[in-house]
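S.K.: In order, the protein sequence lines correspond to chains A, B, C and D.
Throughout the first sequence, residue numbering follows this note's numbering, covering 50 to 368 in sequence.
Throughout the second sequence, residue numbering follows this note's numbering, covering -12 to 137 in sequence.
Throughout the third sequence, residue numbering follows this note's numbering, covering 94 to 481 in sequence.
Throughout the fourth sequence, residue numbering follows this note's numbering, covering 38 to 712 in sequence.
Be careful, since some hints might not be right.
[What the hints assert, rightly or not] Which stretches of chain A does chain D cover? Using the computed rule of at least three CB atoms under 8 Å from a CB of chain D, they are: (1) 160 to 168; (2) 257 to 263; (3) 275 to 281.
[Unchecked claim] No more than 30 Å apart at the CA atoms, straight line, and that leaves these computed lysine-lysine pairs for BS3-like: (4) A:K280 x C:K289; (5) D:K490 x B:K105; (6) D:K449 x D:K378; (7) A:K368 x B:K105; (8) D:K689 x A:K257; (9) C:K187 x D:K66; (10) B:K105 x D:K113; (11) D:K378 x B:K105; (12) D:K294 x D:K577; (13) D:K391 x D:K378; (14) D:K560 x D:K456; (15) D:K523 x D:K434; (16) D:K78 x D:K113; (17) D:K456 x B:K105; (18) D:K391 x D:K270; (19) D:K490 x D:K378; (20) B:K105 x D:K560; (21) A:K280 x C:K187; (22) B:K105 x D:K270; (23) A:K332 x A:K242; (24) D:K345 x D:K271; (25) D:K472 x D:K305; (26) C:K187 x D:K689; (27) D:K378 x D:K305; (28) B:K105 x D:K452; (29) D:K452 x A:K368; (30) D:K577 x D:K434; (31) C:K230 x C:K289; (32) D:K560 x A:K368; (33) B:K105 x D:K391; (34) D:K689 x A:K280; (35) D:K271 x D:K113; (36) D:K270 x D:K293; (37) D:K345 x D:K293; (38) D:K689 x A:K332; (39) C:K189 x D:K78; (40) D:K66 x C:K189.
Keep in mind that the hints were calculated from the coordinates and are not lab data.
Heads up, the beta-carbon is just placed ideally off N, CA and C, and yes, glycines get one too.
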Amino acid sequence: MSETATGAKTSGGGGGGGGGGEITPGVKELREIARELLEAGDVRVIIGWEDARRGARPVFVTDPAEADKLIFDARCVHNLVTYLNPRRDHVAELGKIGLVVKGCDVKAVAGLLREAQLGREDVVLIGVRCGGVLEENEMPAAVTLTPDNVAPRCYGCDNREPALVDHLVGEPQPEPPRPAQTIDERIAALEDKPLEERWAFWTEQFSKCVRCYACRQVCPLCVCERCVADKTRPQWIESSPHARGNLSWNITRALHLAGRCVGCGECERFCPVGIPLSLVNRKLQQIVAERYDYTVSDDPEQVAPIGDYRLDDEQEFIK
Amino acid sequence: MSDARTDFEPRITAFVCNWCTYTGADLAGTSRLHMASNVRLIRLPCTGRIDPLFIVKAFERGADGVIVSGCHPADCHYTSGNYHARRRFAVFHDIMEFIGVDPRRMTFSWVSASEGAKWRDVVNEAVTSVRDLGPFEAYRALAPEAERLA
Amino acid sequence: MSDERFFISESDLRALAADLLATGTEVIAPVAVDACASPAAMASSACMRPGLEPEDLEYRALTDAAELDLARGLPILSLKGYFLPEHEALCRWKQKGIAIEIEAVPTEFAPRVVLAAKPCDSAALAVVDEVMNWDYKDELWNGRRAATTIINLACPVIDESCFCTAVGAAPDAIKGADALLTPVKDGYVLEATTEKGHALVEAHKARLSPAADALTAGADVDRAAARARAAANLEIDAGSVRDWISTHFEDPLLAQLAIRCNGCGACSSVCPTCHCFDIVDEEEGVGRGTRRRCWDSCQASSFTLHASGHNPRDDQHSRYRQRINHKFSIYPLKFGEVLCTGCGRCTRVCHAGQDLVEILQAIDIAARRPDEAEAAAPAADAPSPVAP
Amino acid sequence: MSRIGVFVCHCGENISRTVDVEAVAEALKDHPGVAFATDYKYMCSDPGQALVREAIEENDLTGVVIAACSPHMHEKTFRRAVDQAGLNQFMCEMANIREHCSWIHEDRADATAKAIDIARTIVEKVKHNQPLETIRIPVTKRALVIGGGIAGIQAALDIADGGHEVVLIEKEASIGGHMSQLSETFPTLDCSQCILTPRMVEAYQHPNIKLYTWSEVESVDGYIGNFTVKIRKKARSVNEDLCNGCGDCQAACPVKKIPSEFEAGLGKRTAISVPFPQAVPNIPVLDRQNCTLFKGRRKGLAKEVCGKCKEACLKGAIDYDTEDTFVEEAVGAIVVATGYKLYDIGREQPEGIKGYGEYGYGEVPDVIDGLQFERLASASGPTAGAILRPSDGTEPKTVVFVHCVGSRDPEKGIKYCSKICCMYSAKHAMLYKHKVHDGRAVAFYMDLRAAGKGYDEFSRRAIEEDGAEFVRGRVSRIFRDGDKVKVWGYDTLNGEQVVIDADMVVLATAMRAQDGIRELAQKLSVSTDEHGFINEAHPKLRPVETNTAGVFVAGACQAPRDIPESVAMASATGAKVMSLFSADELEREPAVAIVNENTCIGCMRCADVCPYGAVEQREICAVDGHVCGHVAYVNPGVCQGCGTCQAVCLSKSVELQTFTDEQIYSEINALCAWE
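The shape of chain A in the complex, shown without the other chains (with noise of 0.2 Å):
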């Protein structure tokens, strides 16, 4: 309750609340690193977050002289490391990258490098001291945070001083606000409920489902350059969007992340129809948790539990 009080009074993150452009001395610092190591040459462009007539949107600097774009307040909702994924090819040709990155966000760097998708050196990490961001980006200015407009992930955040970071910016921050309802309340509440309504409840949100795969786009662990999902022979996972291939499409969405789910919820902000993604990723980051033990860090030497096991893993469902 009293995170809730201090959520309330804090402007959200870094970039301090305020208008969109406020210059904290977080964001001055951000800046700085960002025009020196361009000027070093150490990267060929900063991919961080900039004021835009929608709100705030992820922006590409290559010109030192434009590193005053640069802003970091509680609309920076974006993890930028879908970047740094290898299917994105059209990013990867601008050269050596510096990426802005909250605490939350690295935990994605710290999953592709755990994958030999990215090589530490590739990349040069700016972390952003960060109180918690809003749902939507969409708006001319950050916002107080509040118990309903923060977004709910951000509470419980573990990551607060990322430490795979190569500069780390902003003064200390207050814990995130309590949302008014937390995911894993939003879980219990649908636990609670008797399988027909789960079922009833969970087919109705994939049948909305037009398979766009936004949801597969934007996250940036999925890294796969032929998704399974665009298998024909044989094909596991039918493609037209009607209820039946919507599901198994979720489903295995849902398995191929278990235990690397960063739990950034970009695959449910960028969700055209609003299916609620986090509820399954943050159930399965409950179920390895319970099971194995196991909570996804930035830790890149951490052994994910998939493709792990224990002799003694439990196995009560198993006769």
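Got chain A sorted already, so can you dock chains B, C and D onto it with the hints?
M.R.: Here is chains B, C and D on its own, set in the frame of chain A:
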């Protein structure tokens, strides 16, 4: 529905490993252990080979239940395939339950080459419990219009 | 009678919808769906917040005239899906031994009416008619078009992402529709322009009265104002844009404009004019299955993937360029129509911040005032790709 | 388009009794892609196989499905046949409609419907089979024999004589097993020691045999032709290289009253001892449980309380501080010959076995079991061959022999027949009469089972020439009555109760699987039956093979066996091992995983899960030659085909040959509910 259940015979697809459960099922045969005839086996080298997609596809194709069975821990012909399978199925089992699939439609078991009798029991129990649950209409209802009309 | 304009009160309009439903005609119209009414409420964090009741607007087949929502903005998805469904069966096959039977699908459809369609959505249908009747006449599309009478509702212009007037459409256009409703005090001015439109008017004469000149004048003022609002968001010369793109295929600007794109393809799902589809054979058992077509997107890498493994558009900026190129150059050059009606959905749905208004602005400047290009290009900070 | 041939077997009546085989063939004719379908009485017979070959040629079939028994039974047979017809052998699959259908179902309609499904499933699989070449793997031409009883010794000698190295391990201090405890053997009454000892010595001295006594199997890795066995050499406290078997330590040992296992408790031994005079090797073991010095150590006493044996040993071979050590041996084949143990009557019994408290064993000293009688009758035994009863050392004038104690008695938990008891009880009666001419020998039996060369003659001789009385009936109770042992029995032929005042009673107790056999079976991944006897691969056709290729079984660990049978089995395993070793390479099914380099993203998750370390990382280059990434590569020589890599590959970039995704998908598809 409930009326239909009385004379309803479930269709169950079983994914079994070649070395333990398939051989155990052979033993059940050579021992003439009679059991329900609702189960169809698909032989795989190891439970480690089984992708949850197999199970999803089985449901898509109208299975009312599935059985996944292989070597007991420490007995895997390939030493560790079943350990990897165990984790995979644990996650699958939990997530399927989360989205509302009755876990009783999915039987996971360890049946060794010498456990013909256990195989019979696994089969009979699976058939009974799925029979009680009734046909998996909820899943079939997901089929696209054209198909359901056909 | 062709330019005759009628008045219809709000209640009569709803009654008209009711009449249609009563005769068993399908009526498709904007419907407010309370996100919190469905089980989805459990998921939507918004629904957990006191005071907030988020509503989505969708084109839906009315079950009751009362559902008809005339007051609101743009439905999430365009009308497209009612003419080119997300997925539809093209035929089914059955194999017995070595023989194969094909089972065709019907291409005739029952008459239906779309009420209060957004002008940008109906216009899109007219634009897509071109490609659907070019080298091959698409029976399913044409069948649905022929069976459907569309009545537009003049649009107040939703927000800063609207730019219909910049691409030859308008908030009060009847293009692609059969009639137009313009909101006036206590009701609407209704004018029909096509056979189907007039037929509908005739059928429901009872609920219509000749519109007074004062009313129609007021309606015209509002319509002009809406056009002006849209024009204020974006003014370009579509012709110059078309020609510049066709001659600047390799121009770095096109790559810069694409830089943020994640290739999620949401834009093509919500776009009223994106009509590309994939054809898939889906097995339903041994030797049986359905051939379906389903929406596809040029933003997916698999869209142009050759069997050989070669992919002519193997990075995202070339895929994004294709989207711009196809809409604003290739299509206009081939069919004389811009493949965009300025509904702005793509901009609103893009969470990476790709902004079509901004992008067209930049291209227009590059085309007409190249000297300003350097200064004005929004993404000028984004560098041109360098070879690896 | 595939042209599949389906061949439905009646298997005599094994299948056709419950499955309408004609209907199955008919149904399959209409199945998409099936060009030919028929049924036949015995597909595996010559004409049956010929039928398949002809059908392939006449209908130029692209694949063959044999709907018959388990692939584990006849897959090889039919693949060979298909191969002869010029079709790649891997285009043939078995549909198991016998073990998995006709034998386990009664309702003809259900069974037939299921058989059709099974056949369809396999047809769908075969449609996606690929012509493949077998893989060759090298064979380590060394064998491991577990158990140094007569069976193990025989197997070891046969293989060693064949010119291959053998590692023979025995958990006791000496090889020889139970046979070394026997007095004389039926039906020839030749002295057990006399025929066994030379074999023991031969095995010990054989240049090709490496003997580990007082050792056990710790773990087994690998597969046929390439096993790695870890052996635990239990602490002996005696240096085998230094010890010359003089026996001074035994003489010096103050602890002399330990019941001797070898003498079945009728004799005593010292704490440091060789189990019996003819032990091989003749090297003692220090029994740390009973040793005074170790008792002292366990009590935590400051100074050693004994050490006499060490003082006595002039070779300085004794070391109180040795610990268990481990050695690894690479072998290509394994023979299991761990033998049996006797039903431990009247004492603590395992789960489900009740025991025979009513027979007074353990309380009445003169009620003994067969092995104890063997020791009494043995010239080298505690009584030097004189039959004297344990309680008072007097010569028993009336001895009762009870058959089937434990055996053939489901009530008591064991339903099988121990097979040798009839014969050895007859032998015991005979030996007794030879030694005590005025004595009375009475045997209670259920049925006399004397099948075997010279066996019936032998038991008749006991009755007709030596006057042993054979009473057909069970004994209900045995108890002490003064210095007599009262036996209450029943003569079912005369239908009267029989009460005998005996001086001694010998119980022919059941043969049971050795302790720890289940653990060993698990290490070898072979299966055991409900009694713990090791399962043979096929009861008739593969009696000395197990479910695990390269692991063979001989002697009483497979079922109750007498000496001739054990030796025969042992030589059979010898022959099996020899034939396995006759080639330098083994042919293996090409069930290996192959990586699709076009879609592999080199996350190497497959390498993480591969049990064999068969996955390596490989660089790939773009057309212009520069390294543009890395992908996984599966070494086919190492891959064993479990397919775990494929299941964890998110992009489905690795395919396991013979179990590809397309094959499995098609099988699932074939089971569509709307067929």
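S.K.: Would you check the hint for D:K270 and D:K293, treating anything up to 30 Å between C-alpha atoms as holding?
M.R.: It holds: about 26 Å lies between the C-alpha atoms, which stays within 30 Å.
S.K.: Are D:K345 and D:K293 close enough, with their CA atoms no more than 30 Å apart?
M.R.: Judged against 30 Å, a Cα distance of about 13 Å means the pair holds.
S.K.: For a C-alpha distance cap of 30 Å, please report whether D:K456 and B:K105 respect it.
M.R.: holds (29 Å)
S.K.: Keeping to a limit of 30 Å between CA atoms, is the pair of D:K689 and A:K280 held or broken?
M.R.: Answer holds: D:K689 to A:K280 is near 9 Å, not above 30 Å.
S.K.: With a cut-off of 30 Å on the C-alpha distance, tell me whether B:K105 and D:K113 pass.
M.R.: holds (28 Å)
S.K.: Holds or violated: D:K78 with D:K113, Cα cutoff 30 Å?
M.R.: holds (19 Å)
S.K.: D:K523 and D:K434 were given as a pair; does the straight-line alpha-carbon distance stay at or below 30 Å?
M.R.: Since the Cα atoms of D:K523 and D:K434 sit roughly 14 Å apart, the hinted pair holds (cutoff 30 Å).
S.K.: For the pair we were handed, D:K345 and D:K271, check the Cα-Cα distance against 30 Å.
M.R.: Holds, at about 22 Å.
S.K.: For the pair supplied as a hint, D:K449 and D:K378, is the alpha-carbon distance within the 30 Å limit?
M.R.: holds (17 Å)
S.K.: Examine the region 160 to 168 of chain A for residues whose CB is less than 8 Å from any CB of chain D, and state whether their number is three or more.
M.R.: holds (count 3)
S.K.: Between A:K280 and C:K289, does the CA-CA distance stay at or below 30 Å?
M.R.: At roughly 45 Å apart (the allowed maximum being 30 Å), C:K289 and A:K280 break the hint.
S.K.: Just to be careful, I want the Cα atoms of C:K230 and C:K289 compared with a cutoff of 30 Å; is the pair within it?
M.R.: Within the cut-off at roughly 21 Å; holds.
This entry does not satisfy hints 2, 4, 5, 12, 18, 22, 30, 35, going by the numbered hints stated previously.
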